[in-house]
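There are 2 protein chains.
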Amino acid sequence: MKEIFRHSQLYTFLLYCSGKGLEKKVLDCGAGGPMPPLAIFSNLGYETHGVELDKKQIELAKGFEEKYGLNLNILEGNMLALPFEDELFGFAYSYNSIFHMSKNDVNKSIKEINRVLKKGGLAFINFASTQDNRATSGKKVRDGEYLQFEHGKEILHSFYSEFEAEKHFEENGFDIIYKEVRKRIGLRKDGGKVTLGYIDYIVEKK
Amino acid sequence: MKEIFRHSQLYTFLLYCSGKGLEKKVLDCGAGGPMPPLAIFSNLGYETHGVELDKKQIELAKGFEEKYGLNLNILEGNMLALPFEDELFGFAYSYNSIFHMSKNDVNKSIKEINRVLKKGGLAFINFASTQDNRATSGKKVRDGEYLQFEHGKEILHSFYSEFEAEKHFEENGFDIIYKEVRKRIGLRKDGGKVTLGYIDYIVEKK
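Chain order of the listed sequences is A and B.
Throughout, our numbering is defined as the position within the first sequence, counted from one, plus 556.
Throughout, our numbering is defined as the position within the second sequence, counted from one, plus 556.
If we strip away everything but chain A, and leave its shape as in the complex, we get:
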């Protein structure tokens, strides 16, 4: 497989995972799309599982799996109610996905991720930040929650200030072990500029 994945932060997560003595079994929440990052884990010998809300994104992932002869086990499902028993996984992540929900639902999903992880298991979860130039675009629903057009549909986006997401981990049985606050600036030759803001966490189940 000679693909270049755009999910570069997951390589940092993989470094943390490889340092744990846990069974190599990983869950992706929001796992679909044309280049499913579970393939990186599969390539390194992990048993992979994923849930994805959107049937079209599951089909796109299937195309990739067929091309490379992989079965990544991506099911239709919702991270608000994960279709897995307690403490099944050593590792779980949700990459550029969880912030497409209300902050209330984010909290429920993080509780679910905690439930399916083994004690000492690791999760990578990232958030869109209020540094993002889209942070107050669209129709305001609640503080830091806006309805924005994406792929022709109105979709809820939640944006977090620098320390705001930490309550989700504190309330749901996680220790934060790593955090990266990132501001990504794309500059065009015409002088145009796009700023994307993210906050990434690696957390450990207590």
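Bear in mind the hints are in silico, worked out from the structure with no lab data behind them.
Possibly wrong hints are sitting among the right ones.
Chain copies aren't distinguished; within one or between two, either way the pair holds.
[Unchecked claim] Here are the simulated DSBU-like cross-link-like pairs (lysine-lysine), alpha carbons at most 35 angstroms apart as the crow flies:
| no. | residue 1 | residue 2 |
| --- | --- | --- |
| 1 | K581 | K695 |
| 2 | K558 | K659 |
| 3 | K611 | K581 |
| 4 | K618 | K576 |
| 5 | K745 | K674 |
Position chain B against the provided structure of chain A, taking the given hints into account.
Below, chain B alone, put in the same frame as chain A:
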């Protein structure tokens, strides 16, 4: 090769490189060490070259190359005077390396990197930022330049504020096309905290 590289930002650079129609020939400035990132490029079909000041780091890279049957072409050399003719490379990078020099020498090195790149060629260069908790440790030499102990030796470190490095690119024939400002926080269970600050640039030769 089933290694996990810690140089996750280089995957973003690779995405930009793969979008250019240039010959796949890449130079690493500061290329040695036990897990030389040129291997990622080699694995994707790039012709690789590297320079490295430190003989010991070249030996460590050789161990890796022998293990995987690779020849990454890492020479002893200094990025202040690159041992290559003009416009030889489509791509060049210096990862966590250039800030071990004075700001004056950083400027000279970036001029050198520009010289060996083809027009339209891309470079990835990252800087330690003043957000780093080591930013004013050690013995001050000049503004933002401190002598700090690393591996038992006093080594110069340069730290940059958010927009400070841009002059190096403006003065030396580069357009900035991408920038990421990162603050990495490692949290220990005893409550201890380490903050690392970086600013990454992808620039294009005019």
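K745 and K674: within-copy, between-copy, both or neither at 35 angstroms Cα
For K745 and K674, the Cα distance is within 35 angstroms only across copies (18 angstroms; inside one copy 49 angstroms).
Between copies, within a copy, both or neither: which fits K611 and K581 at Cα up to 35 angstroms?
within (24 angstroms within a copy, 40 angstroms between copies)
Tell me, please, which holds for K618 and K576 at an alpha-carbon limit of 35 angstroms: within, between, both or neither?
both (30 angstroms within a copy, 28 angstroms between copies)
Within, between, both or neither, where K558 and K659 count as close if Cα-Cα is 35 angstroms or less
neither (37 angstroms within a copy, 37 angstroms between copies)
My question is about K581 and K695: at a cut-off of 35 angstroms on alpha-carbon distance, are they close within one copy, between copies, both, or neither?
Close neither inside one copy (39 angstroms) nor across copies (47 angstroms); limit 35 angstroms.
Checked against the numbered hints above, the structure breaks hints 1 and 2 and satisfies the rest.
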